[in-house]
Amino acid sequence: MELILALSIGVLGGSGVWLLMRPRTFQLIIGLSLLSYAVNLFIFSMGRFPVGRPPVLEPGTAGDPAQYADPLPQALVLTAIVIGFATTALFLVVMLAARGLTGGDHVDGRRQDH
Amino acid sequence: MRWLLPHPVVSAGLFVFWLLASRSVAPGPVVVGAIIAVLGGWALALLDPPQVRIRRPGLILRLLGRVFVDIIRSNIAVARIVLSRRPARRAGFMHIRLSLREPHALAALACILTATPGTAWLEFDPEEGWLLLHVLDLIDEAEWVHIVKERYEAPLLEIFR
Amino acid sequence: MSLVVLSWSLFAAQIMLGLAFGCTAWRVLHGPRAQDRVVGLDILYINGMLLLLTFGIRTGTDLYFEAALVVALLGFVSTAALAKFLMRGEVIE
Amino acid sequence: MNHLAELPAPVALLASALVLAGAFLSLAGSFGLLRLRTFYDRLHAPTIATSMGISCVLLASMVVFTALQSRLVIHEVLVGALVVLTTPVTLMLVARTALHRDRLENNPGVPRAAAPDETAEHPEAARPEGPPA
Amino acid sequence: MPDALYLSTAIGLPYLGALVTALLPANARRLESWLAGAVALLTLTMVWLCYYPTIAEGGVVRAEIAWVPQLGLNLVLRLDGLASVFAVMVAGIGLLVVLYARYYMSSDDPIPRFFAFLLAFMGSMMGLVLSGNLIQLVFFWELTSLFSFLLIGYWQHSAQARDGARMALTVTASGGLALLAGVLLLGHIVGSYDLDRVLASGDVIRAHPLYLPALVLVLLGALTKSAQFPFHFWLPHAMAAPTPVSAYLHSATLVKAGIFLMARLWPVMAGTDAWFWILGSAGMITLLLGAYVAIFQHDMKGLLAYSTISHLGLITVLLSLNSPLAMVAAIFHTMNHATFKASLFMAAGIIDHETGTRDIRRLSGLNATMPFTARLAMVAAAAMAGVPLLNGFISKEMFITETLSASTAPTLLHSLLPLGAALASIFAVAYSLRFIHGAFFGPTTGDMPHTPHEPPQWMRLPVEVLVFGCMVVGILPAATIGPFLDVAVRSVLGEATPYYSLAVWHGFNLPLVMSLIALAGGALLYRLLQRHLNAGIDGTPLLRRLDGRRLFDRVMVFLSWRFARTLERLLGTSRLQTQLRLMVCVTILAAVLALAPHDFGLGVLQLSPADPVIGLVWLAGSLCALAAAYQAKYHRLAALVLLGGAGLAVCITFVWFSAPDLAVTQLLVEVVTTVLLLLGLRWMPKRLELAGSGRLLSRLRRYRDFAIALGAGLGLTAISYATMTRVSPEGISRFFLERAYTEGGGTNVVNVILVDFRGFDTFGEITVLCIVALTVFALLRRFRPAPESIGVPDQQQGDVRNWMMVPAVTMKLLFPLIGVVAVYLLLRGHDLPGGGFAGGLMLAIAILLQYMAGGTRWVEDHLRVHPLRWMSAGLLLAGGTGLAAMAFGQPFLTSYFAYADLGWLGKLPVASALIFDIGVFALVFGATVLMLIAIAHQSVRSQRAAPTPPPAPQEER
Amino acid sequence: MQHLAIAPILLPLLAGAIMIPMDDQRGRLRAALGVASALGLLAIAIALAFLADAGDAAPVFVYRLGNWPAQFGIVLVVDRLAAMLLLLSAVLGLAALLFSLVRWQRMGAHFHALFQFQLMGLNGAFLTGDLFNLFVFFEVLLAASYGLALHGSGVARVKAGLHYIAINLAASLLFLIGVSMIYGVAGTLNMADLAARIPALPAEDRPLLEAGAAILAMAFLAKAAMWPMGFWLAPTYSAASPPAAAIFSMMSKVGFYAVLRLSLLLFGAEAGASAGFGSTWLFLGGLATIAFGAISVLATQDLSRLAGASVLISSGTSLAALGAGQEAVTSGALFYLASSALAIGAFFLLVELLERGREVGADVLAVTQEAYGGKTEEDEEEVEVGTPIPATMAVLGGCFLCCALVLAGLPPLSGFIAKFAMLDGILNPQGLGQGAAAVPPDGWALLAALILSGLATVLAMTRAGIRSLWAATDRAVPRVGVVEIAPILLLLGLCIGMTAGAGPVLRYMQATASALHTAPSYMGSVVPVDGTTEARP
Ligand code: NA
Ligand code: NA
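Residue numbers (the working numbering), protein chains in the order written: chain A, 1215 to 1328; chain B, 68 to 228; chain C, 694 to 786; chain D, 3 to 135; chain E, 41 to 997; chain F, 210 to 746.
In case anyone wonders, no lab produced these hints; they're calculated from the structure. These numbers were taken from a predicted model, which means no experiment stands behind them. Backbone N, C-alpha and C define an ideal beta-carbon position, used for all residues, glycine too. There's no promise every hint is true.
From chain E, some residues computed to sit far from chain B (all C-beta separations above 10 Å) [stated by the list, open to error]:
id: 1; residue: 106
id: 2; residue: 247
id: 3; residue: 250
id: 4; residue: 251
id: 5; residue: 364
id: 6; residue: 415
id: 7; residue: 508
id: 8; residue: 522
id: 9; residue: 561
id: 10; residue: 592
id: 11; residue: 639
id: 12; residue: 906
Cβ-Cβ distance ranges computed for the label pairs, FRET-style [stated by the list, open to error]:
id: 13; chain 1: E; residue 1: 648; chain 2: B; residue 2: 69; range: 56 to 64 Å
id: 14; chain 1: E; residue 1: 200; chain 2: F; residue 2: 649; range: 44 to 52 Å
id: 15; chain 1: E; residue 1: 236; chain 2: F; residue 2: 729; range: 40 to 48 Å
In isolation and in its complexed conformation, chain A is listed as follows:
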């Protein structure tokens, strides 16, 4: 199981990194999104992927760590998701502004090669 997840983190991350190095702004934004998926899963994986643990406590009890998933990586992922969302939106708008002002969608402005 762990291997599947590790591999999927790798695939997401690799695709994201590949796109990160592409010349078009849109590729970049997709790449950043894929990378942030990878990173979110990565953070999550640092809580060791517990299978079949209940997600919330029984009311009125203190949770036993052996019974529950590590909640902290989850909280971190949530924050990371939100921040990732915000920055993606911002990058999109900057990308649009750059497109409008430079006339092209190359990351460096009007460069035409590859």
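Position chains B, C, D, E and F with the ligands against the provided structure of chain A, taking the given hints into account.
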């Protein structure tokens, strides 16, 4: 009463929705649900949708039953087409001229036709009332016209009058 | 006995849904046209939602219901936006 | 999965059947999406999943949880209602889009308008897809 | 104590004067010069006050003001014999120069600035010579460079002045940096920067392995400042400065700073072969080169400049000789040179001032038109040439004596010294003759811009004083300058002070013969060269190619253009792709380097059995991710859809591993992101697949990128796999699980962490969202689309109302429904999956759906969302919840939790965390809506493109 | 009194939040609020600095947010280092804000709110004692910096902004990867707790922790613009509007701050097998950055690029000095950091005054402007500067000179003291005359780098200064308002003050460095040894 509940049906729906979602009929959720239902009605009123007047609840039930049966039947039919190795069928477009104009009724018809596998709502011309359908198994076009016009449109015309 | 049957059926159902997920994903991947991908994505969401529901049954908690509810609601929004974009060239006119 | 052991046998069997049926229907729908040859054909396949497929699984869920929690659990209805409400919207929009794009590209065999015209009076069956865009 | 006061006044007063002068009005020339003169006089007095009786009796005046004691850097003011000689020169000649400048400067010039710079320079020079701490010395050293730069560039409108100033600063400040390094080494060797301690550590320094680097660095500083070969070239170009500046800086003070430094450190650094070789060779070359080049200068000041270079070379040679007697001669010649050279500069300035030119070729017969000035200049020039009965003669004779006595030493350079001295003396006579003969003799009808006449009497006075000094010292050396020289020499040499005689007549000896030969030879040389000189050819014969300035410019251009630009191009990039590639590579490298030294392996944890469902989901998800990467260039929409597929796989994974909150949030974010990207796609250029992208180079680039991406992916896999196979550390999560319900009041631990345990993170996170929304809004207010995407997309034929009629019905109905879901998610978040963030996004989606269904205008006719208000309210609510805790004496964001009994309604949980969450909800809703609407508005704006400016998409409506 | 620790975060936050819905009609109120908040921050920072300096090595305040024990909740820690950086950012913030009042505040929407959030982010990053909270504040300050970098729009800003954002998004992802790896291995996020856990870490987990730290460091170093990850800096800073660039001179210091804090806390002498981790690389990277900065300084002809390149040199110098690993050098580096931040801030403001008069709207595509509704914004607004100052060129020239002196490290300003302090620390790590051990090779390298980079700066500054102040005699004298020059004078005045008061200032820096090099005092006061899982008070 109008100002409190501009869309009573929707408000009622929201109230039920809330209770279902809360999985409880304790006083707390009921009160919150009621407030939310009213607020939801107001929110909808902001958008100024056409007023819906629904009659004949009996007919609604009958229509629902009919649709239920049709869905099961067409599910099986379409599943068979999908899974059979060499399906003997003739898919195609067909036009039906509807008398329905009421948007909610049209939406309901769209739901019905979509939920029924085998028919796909493609395009509707609100002026002339032409509906373009795609049918997966267009063996008898007249049969389909009958189904749509008689089985679904007629009751809908009654309900949303 | 019935427990074994139910467990296995749930497992089988999840495998089937997983396969369905794969089939749909293939359509999304392969296209050939944008509308195919959009329809594919819509169904991908449905398949995903069914997976969540069966997972809920399997684990006996109805906490995943919210996730399913949200999938049902939002799968629609994103595919509708995609379709609208295809249809009108922009999502909001 | 010890919680499932608390279920009475008939309920378990019913739930098994429903789950299997729902999953099977969904698989059928998805398989159709994969297999059918034209876009308009493929438009039908998923509705198997969105109608019966979902219904069966939701029913199974209701049955199981009602039995487990010894009270009526029917909030799954909401999911069903939402799907029924929303699927047509998506499909209508996509279908309309496909039509529009086919018309723009003058692909043969696509009705020119919502109203019937001479050429489209007797449409033939499966039409070839337009070239990928 | 009064000594300390005197010394600090001697340094501080000039600076104070500079400050006051700078603030005086531009037309107060008289006042400014009086002020400057008074400052110089007072400074001189201060030195005098210290001199008697302490210094005169061989004592040292020392005052210490704490500055940075931790680093051994205090303001140590230290006056001894050597310093007082220089201090008197600085203040005394400064006084004369101020007087001279009062008449020299034109009223068109910005006078306050001139005097301010001059006084500041004086202060810096005083600071330098009075430094009792090496770092402090460097401090003032660089200040002298700085103010000399400002003074040379005083006439900033002239390109020559700018270039000269820049050259001077570049050379001297660089030297100053080297000096700093050298001084730091000395400090390291000695263990103190204090001059007294350094001077007491000569043996330690000379024996230290770092002696040679320290020596080289210190001498770099000294030689650049004193314009020694090969750094001499800046001085002639500094002649673009006003003449008072040249008279002050380039004869008596600035260029003597290097000499001062060498003399100062002579006791501890001299006495080695390295010292002799470096200084001897540099000095000798400078001596000869300067003298030779001076002959061929047509500009009087240029001639004087090269002569200065030569004389400084002379002094350097003297210092290099490691002989106490040579040291005496060096100090003596320093004083002499200051007097005659300053007077010569002033004379040249007077000539320039009265005739309008300094070109020797144009000047002629001034002996007749301005006789008094001519006589003064002639005497000074004679001193420069080393004519007997003038001060220059005595020190020059001492020089020749020293070279002769050194020539018995073993090396070639030693034996060449007398020859060089003789040759240089011949040259000196020749250029002195040229200076006199060229300007003052010949026909009175030169082609001069002004008719020459005598200057005002007060302008001549400084020259008179200095020339008088030349004569007095030349005739009665022992009686006049003797005591001062003795004190200075003793302060350097101490016990080692040799016997020396300051007599004019030492008998008819070899040095005298050489002097006489030099006089005759010089006259002869000048006679021989006269034809050549009269021809008025520019440049120096034989050395035409050795143009220091051209070389300097070439080096500078090479440094900044060829060298720096090429390197910058090679080592840097402006391309984003390269930058990101580098970042990825460096990170991979960093991780590998961190892991490599250890044997990095898997942990011991039992793996959980593989779930085929997740395998299937991830098979699909991975394919989606890969396909999205593949399609993103030409099929943007496809990539977007595929991204959604991958996101769904992530979402299912979250559910599978007990994180429904994450699943819900991930999904919501993904949908909003998709819509945002779709909104943006409308403005992107059409992209068609082009043939010919398969060129070898770009293919290779892609292979490289593929390898990097593969590496990154494998790295992530390896790390996460390795971590997952390890036992969890006994971390802090136990605390959260144990306290979430009992102290946080919620069963959804994740939510309790978000709004309570780590609520501050959430607080920051919503602030980020808020900031981003504001930025998006601000940026879009100035959005300009590309010309080709302004028009309505071609798909838009027909009315949207018509097309969307049936779907719109459902979409409107969904508005309240989604709103209810939003509230539902908000309210239950604390106990069950959901929360303010999810709720806010949900509500925004409800609004979005309406925009999609009805279009911007329709929605805004019906709905008024005020996103900015929502945002503000949300942020204030969240912040207010935290502040409320402070009101109860608790830290910010301390949560409060209780059940309010509402009678039959049951108990209502009241948690401050819920209010916080409502704040989150409002902010997220507002921010998301603001972003969506701001982008959506661009279409409306573009369609309204008209002469009248459209209103900004403000939040109202 | 405790609450003073959080005030530097809350004050700008609340000010910003109130400003959000204010429209342009309330511009004056908005500006007044902004200035009031900046002044308040200054006062708070001064108070904190005095309080921090009064005590021993331990932090003066450990503020437990939500009143949870330190290692579980989030803590803010006020020690000398934090207080000093708060003070710096307050000063720079005030200066930049004042400068913007004359005209830059009107060049785009929401300037004041973004500015306040920028300050909040900076302060939060300096205060927080939690690794993940540091990420959050990094994001706050970055998000605000994106807004400020783009403030005013235009081709140059947007193009540079795109690069800046892309690179920082990537860096943020690295941050997350690094933090989560550290959490995955050590099980905590609190810096002090982490420092306490590292020595006891099992050997098989150590590589992962170190790899996590290395990746984390990449995120910081990208922000500190270490070569080869800092090419974004010069274009971004030079394109940004001057007030933004001025406050950005603090931004690159944040990356350095994080490296400083974490490397000394986590990998200090007490870190067991991990002690000194990465310092060699830090040193080499710093040297490379200095070299590249010096090359850029030499290569540039443009004043604002020159300022940007100076930031590189300054960053590299700080990093290399930190990498040298000597307490004495660290204290010099801190002095240097303060002095260069002030000077660079002043320089960015000054550059605009010197280059004033370039057409503002020229970089908007003319075609689209016409088609898209023409001059919709305040692009073409006249430069109205209020009361102009007398002797403008002389004042500007003097300011330029001061900036150049500080940046080149020449006497008489604080740059010289800073460089001297570092060099002295390199040569005499135990203190002057305290055992003259042989200087290691890296000491020589740093010495050479500092001297040569100073030389390059001198050359470039002289050239640029002569060209823009002396050579252009025919140009019109720019109109400069008192409100514009005052902040520059304030910043440079502080540089002068740092020179005159070098003794006490350096003593503060030495106390700071000494506290940083003795991690246990920080650890002990943030996470008391006994009360690990003690309940909420
Ligand atoms: Na259907
Ligand atoms: Na939540």
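The hints, checked one at a time:
1. Look at residue 106/E: its CB is around 73 Å from the nearest CB on chain B, clear of 10 Å, so calling it non-interface holds up.
2. Here residue 247/E stays apart from chain B, with its beta-carbon at least about 90 Å from theirs, past the 10 Å limit.
3. Every C-beta of chain B lies more than 10 Å from that of residue 250/E, the closest at about 81 Å, which supports listing it as non-interface.
4. Here residue 251/E stays apart from chain B, with its beta-carbon at least about 87 Å from theirs, past the 10 Å limit.
5. Its beta-carbon lying about 103 Å from the closest one in chain B, residue 364/E satisfies the requirement of being farther than 10 Å from that chain.
6. No beta-carbon of chain B is positioned within 10 Å of the beta-carbon of residue 415/E; the least distance is around 105 Å.
7. Distance check on residue 508/E: its Cβ is at least 102 Å (rounded) from any Cβ of chain B, clearing the 10 Å threshold; non-interface status holds.
8. With a minimum CB-CB distance of about 106 Å to chain B, residue 522/E clears the 10 Å threshold, and the non-interface call stands.
9. With 10 Å as the threshold on Cβ separation, the claim that residue 561/E sits away from chain B holds: the shortest Cβ distance comes to roughly 110 Å.
10. Every CB of chain B is more than 10 Å from the CB of residue 592/E (nearest about 77 Å), matching its label as outside the interface.
11. Separation of residue 639/E from chain B is adequate, the least Cβ-Cβ distance of about 54 Å exceeding the 10 Å criterion.
12. In this structure residue 906/E is separated from chain B by more than 10 Å, as the shortest Cβ-Cβ distance comes to about 14 Å.
13. As the Cβ distance of residue 648/E to residue 69/B is approximately 60 Å, the hint placing it in 56 to 64 Å holds.
14. Separated by about 47 Å at the C-beta atoms, residue 200/E and residue 649/F satisfy the suggested range of 44 to 52 Å.
15. For the pair residue 236/E and residue 729/F, the beta carbons lie near 41 Å from each other, so the given range of 40 to 48 Å is met.
Of the numbered hints listed earlier, not one is contradicted by the structure.
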